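Letter 20 of the sequence shown, counting from 1, is numbered 72 in the working numbering, and no numbers are missing.
No lab work stands behind these hints: they were computed from the structure.
Among these hints, one or two may not hold up.
As the list claims (entries may be wrong) - Derived lysine-lysine pairs resembling DSS-like cross-links, with alpha carbons at most 30 Å apart:
1) K392 x K251
2) K120 x K110
3) K114 x K92
4) K157 x K103
5) K103 x K138
6) K120 x K103
7) K368 x K201
8) K103 x K114
9) K110 x K92
10) K114 x K138
11) K251 x K368
12) K138 x K157
13) K201 x K251
14) K466 x K92
15) K120 x K138
16) K60 x K103
17) K138 x K110
18) K138 x K92
19) K470 x K138
20) K251 x K270
21) K470 x K157
22) K392 x K270
23) K354 x K335
24) K330 x K354
25) K392 x K201
26) K466 x K157
27) K354 x K201
28) K201 x K270
29) K92 x K103
30) K157 x K92
31) K138 x K466
32) K470 x K92
33) K120 x K92
34) K157 x K110
Treat the numbers as computed from the prediction; the structure is a model and nothing was measured.
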Amino acid sequence: MIVMVLFKTLQVILALSILILIHEFGHFFFARVNGIRVDKFFLFFDLGGVKLFSTRQKWFLKLFPAAKDWETEFGIGWFPLGGYCKISGMVDESMDLEQLKQDPKPWEFRTHPSWQRLLVMVGGVLNNFIFAIMCYIAIVCIWGETYLKNEGSAIYASELAQEMGFRTGDRILSLDDYVPEDFSMLQADLARRNVQNAKVLRDGDTLDIYIDHSYMGKILNSPLMFDVALPFVVDSVMAEGPNGASGLARGDRIIAFDSLSCEYRQDAYRILSESGGKTLDAKVLRGSDTLSVPVRIDSSGKMGIYLPQPDNICHKEYSLLAAIPAGIRLTGENISGYLKDLRLVFQPSSGAYKSVGSFISIGQVFPSRWNWYSFINILALLSIMLGVMNLIPIPGLDGGHIVFTLYEMITGRKPSEKFLAGAQIMGFILLMALMILAFGNDISRLIHG
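Can you build the whole structure from these sequences, using the hints too?
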């Protein structure tokens with residue numbers, strides 16, 4: 053358990069370090085291209101002046117004497133909640149107001165045209181989106197694109213889904229006028245699209261289910277509202293497993309254990325998990341025959357059989373050339389989806405604010421074993437989240453700086469440095485409140501499960 057937590061923590065630190073460097077390099081690049089000096093470029097914050105590494109440290113200067121002439125100090129701070137690019141002559145999170153009391157210099161941010169300052173501000177977000185595109189290009193080029201088609205797939209309804217009117221075995225045909233394609237996105241689509249009516253196929257009949265929006269908070273905070281309902285069918289039997297000599301064969305469908313019905317895999321898993329070390333009488337459908345087969349359950353609740361994959365999985369292969377538009381499309385879709393999620397977060401009645409998480413939540417999405425596909429996919433999603441979050445017009449985030457710069461470009465009036473400093477403090481307070489909310493939500497989930 054400790055090893056798994058440590059491994060996930062290391063993945064979070066690695067992923068966030070990569071994304072912070074990419075984001076801050078966007079600011080750095082556009083600043084240098086436009087002749088603006090960058091005083092510091094740091095991964096993590098060097099609060100109190102404590103630095104784990106700096107190109108101004110004596111040992112580094114001895115090894116690389118030319119570094120003493122570098123305008124920018126590169127380093128790593130000790131407080132791992134972000135990073136920053138300190139641009140000369142700019143009111144930012146460093147709150148270095150002493151520099152602003154001096155006469156403006158030609159290399160400072162404040163002396164450059166507004167359009168150049170705007171480029172510097174959007175550089176971080178632009179880098180995040182470009183990086184996400186590159187990640188998705190790599191994913192579809194190497195692994196292709198795989199998803200379970202919603203068409204022909206039945207749902208296994210959770211308690212929440214049943215409370216809302218759905219039933220296990222239903223096939224969701226449409227959500228209002230939208231026909232979903234990806235089964236795994238049904239729950240997200242239900243929330244993001246503000247669905248009023250779901251049309252389902254049940255026992256050959258088409259029914260309409262009214263979506264009561266008072267459930268929106270529960271939809272956003274409940275895991276796996278719709279699982280795929282698959283029969284418990286044998287694909288193959290492990291020869292050395294507990295049922296290697298049981299007589300079970302490929303294509304057998306188990307519909308009950310000791311008279312306990314298990315129409316779907318989820319029903320079977322529940323029975324098996326409670327029957328470790330026992331022998332159960334399995335009711336098996338084989339063609340038109342119904343058989344009774346004694347089966348042994350090992351101590352972990354497993355039968356030693358393999359189950360077939362769903363037959364409606366869609367897989368697309370991409371060449372490098374075809375992967376480029378696919379990567380752009382996937383990035384656009386995820387940006388749009390995350391914007392819809394944020395809209396719900398800022399609607400208190402939706403209860404979406406309860407789903408806001410911190411680094412603890414981020415850590416939970418990483419696998420317990422190294423997997424390149426999962427890591428790159430999560431990296432792309434986090435890059436999009438970081439980019440979109442930074443566009444929120446809160447002082448202290450890039451979005452706040454962008455709004456003030458656009459205001460100047462439209463009105464011709466530049467906000468005073470005193471106003472910008474005050475706005476930066478207010479933004480810091482808002483961001484701290486958001487961080488407290490995120491950590492509070494995570495701690496609550498850990499306590500209440």
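**Asked** Taking each numbered hint in turn, which are not upheld by the structure, reported in ascending numerical order?
**Response** none
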